[in-house]
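J.: Each chain is listed here by its residues.
Number of protein chains: 4
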Amino acid sequence: MVLLEFSMIPLGKGESVSEYVSRSLDIIDRSGLNYRLNPMGTVIEGEWDEVFAVVKQCYERMRQDCPRVSVAIKVDAREGSAGRLEAKVARVEERLGRELNK
Amino acid sequence: MVLLEFSMIPLGKGESVSEYVSRSLDIIDRSGLNYRLNPMGTVIEGEWDEVFAVVKQCYERMRQDCPRVSVAIKVDAREGSAGRLEAKVARVEERLGRELNK
Amino acid sequence: MVLLEFSMIPLGKGESVSEYVSRSLDIIDRSGLNYRLNPMGTVIEGEWDEVFAVVKQCYERMRQDCPRVSVAIKVDAREGSAGRLEAKVARVEERLGRELNK
Amino acid sequence: MVLLEFSMIPLGKGESVSEYVSRSLDIIDRSGLNYRLNPMGTVIEGEWDEVFAVVKQCYERMRQDCPRVSVAIKVDAREGSAGRLEAKVARVEERLGRELNK
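Residue numbers (numbering that gives the first Met the number 0), protein chains in the order written: chain A, 0 to 101; chain B, 0 to 101; chain C, 0 to 101; chain D, 0 to 101.
A portion of the hints provided could be inaccurate.
The list makes no distinction among identical chains, and a pair is therefore deemed to hold if it is satisfied within one copy or across any two copies.
Below, in silico cross-link-like pairs of lysine to aspartate or glutamate (EDC-like), each with a Cα-Cα straight-line distance of 16 Å or less [what the hints assert, rightly or not]:
no.	residue 1	residue 2
1	Lys87	Glu18
2	Lys55	Asp28
3	Lys12	Glu78
4	Lys55	Glu93
5	Lys12	Glu49
6	Lys12	Asp48
7	Lys12	Glu46
8	Lys87	Glu59
9	Lys55	Asp25
10	Lys12	Glu92
11	Lys87	Glu14
Derived from the structure by calculation, the hints contain no laboratory data.
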């Protein structure tokens, strides 16, 4: 299982791109994979091929309307069980809580 | 006002880096800036100089312990008022909701 | 055809990672795709599936040795012919040259 | 000394952005810092404050013309001497050469 964050920018379609972003989000949502939207991208959890298949689908949908697309992807791949989408944030917040309460 | 997402990886400190991440989060938290933690990074909202000053502080703290640090930063800078940390996600989710309900 | 830049960091393997990077470069080199190495990553040119297949191969090779791998990918996808690996830099440099000589 | 790679995309200015990129390159060139242009970004070498000052200048110049700007930055910070702009690529290529000749 990997965590993948990505964001996709259509060039040549004006400065407001939320219409295109929501189409991507729709594709992600229908993929059945666990995901979280944040203000700068979307984080998906799944096997390598699963998460990259979603990115490709979003890309192909956006390219139907847009002559140029810029994509940024970050992957964090680690041995072990699933559920890191929640666990990573929780672990850091818990540790921070302990330090603030020292 | 800009939105800045960043993540920082210490090299040469093993595969578990949450100790270092929580130190960064502590610095971000004390900065007074509006922020959101996600599984792949932290998004901060503020003026250009403010958000980059926080990144630099986190970097300098991490370099005290770590011989090598890798940093990834994404900035979304747009004219207009603040409050985009919540607004961006809300706008996409609202649009997605409308499409799913069509 | 797309341009894809990527870099891959093994966590938990010390601060010097050039051994792992050279294995990736070997895979890229044998792929037959056009590529350029730069100090922060490697840029490959090819079809979407081709370039991502190379990234996956590099990832799988690195995961054999490393418990955790962090990957950063940027894609610039644009309609039109190939040869952008050289053309993009040349076009900017030519324009810069004209401006400096004004 | 750090290595910083960055790329900057103006939104709302059409799909061809080389005019804006060449303005950035002009600023980088006049900074006096050592740099390398690649098809997906520019890598600069310098102290943390120096390289980020250049990024900020490029950003402010681009924002004069563009309502929205997206910036991607990667930093590799490591103890030791300068000259990594050439050394990193050379070290990997040398190692690759040795392996290919085995």
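J.: Hints first: check each against the structure and report whether it holds.
T.: How the hints compare with the structure:
no. : hint             : in the structure
1   : Lys87 with Glu18 : between (30 Å within a copy, 12 Å between copies)
2   : Lys55 with Asp28 : within (14 Å within a copy, 24 Å between copies)
3   : Lys12 with Glu78 : between (40 Å within a copy, 15 Å between copies)
4   : Lys55 with Glu93 : neither (35 Å within a copy, 24 Å between copies)
5   : Lys12 with Glu49 : neither (29 Å within a copy, 27 Å between copies)
6   : Lys12 with Asp48 : neither (30 Å within a copy, 25 Å between copies)
7   : Lys12 with Glu46 : neither (32 Å within a copy, 23 Å between copies)
8   : Lys87 with Glu59 : neither (30 Å within a copy, 23 Å between copies)
9   : Lys55 with Asp25 : within (14 Å within a copy, 26 Å between copies)
10  : Lys12 with Glu92 : neither (38 Å within a copy, 20 Å between copies)
11  : Lys87 with Glu14 : between (33 Å within a copy, 13 Å between copies)
Figure legend: structure checked against the earlier numbered hints; hints not met, in rising order: 4, 5, 6, 7, 8 and 10.
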